[in-house]
Amino acid sequence: MSPPPQSGRTMPLLSPWRADFPAIAALQRQGQTYLDNAATTQKPQALIDALTHYYTNGAANVHRAQHLPGAHATQAYEASRLKAAHWLNAGESGQI
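The UniProt record's numbering puts the first residue of the sequence shown at 1, with every later residue one more than the last.
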């Protein structure tokens, strides 16, 4: 077992996923580490991009609207359910 780090020294937090989180990288540049995930979890760039696309191209509820943004939201929602059902080996997407 290795000894604990000495005062004034830091241990790098290595993870292949850290680079996907821009806020974590910004904090790291300032010498900070984010540990308050119980309050707010930092978001990966893929989620930020998806939300930006959703809000800039017409946000809508699924299975309720008769307009194009609603149809797009419903298609994306159902595609996600199919993908999750496949990953979880569910019998059908309705189980998700």
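FYI, nobody ran anything at the bench for these hints, they're computed from the structure.
All C-beta atoms, glycine included, are put in the ideal place defined by N, C-alpha and C.
Hints may contain errors.
Stated by the list, open to error - So the derived label-pair ranges between C-beta atoms look like this:
1. 85 x 50: 11 to 21 angstroms
2. 63 x 26: 36 to 46 angstroms
3. 81 x 52: 18 to 28 angstroms
4. 29 x 81: 32 to 42 angstroms
We went through each hint and held it up to the structure:
Between residue 85 and residue 50 the Cβ separation comes to about 19 angstroms, which falls inside the hinted range of 11 to 21 angstroms. Distance hint for residue 63 and residue 26: a CB-CB separation of about 38 angstroms, consistent with the stated range 36 to 46 angstroms. Distance hint for residue 81 and residue 52: a CB-CB separation of about 22 angstroms, consistent with the stated range 18 to 28 angstroms. For residue 29 and residue 81, the hinted distance range of 32 to 42 angstroms is satisfied, since their beta carbons lie about 38 angstroms from each other.
Figure legend: structure checked against the earlier numbered hints; every hint is met.
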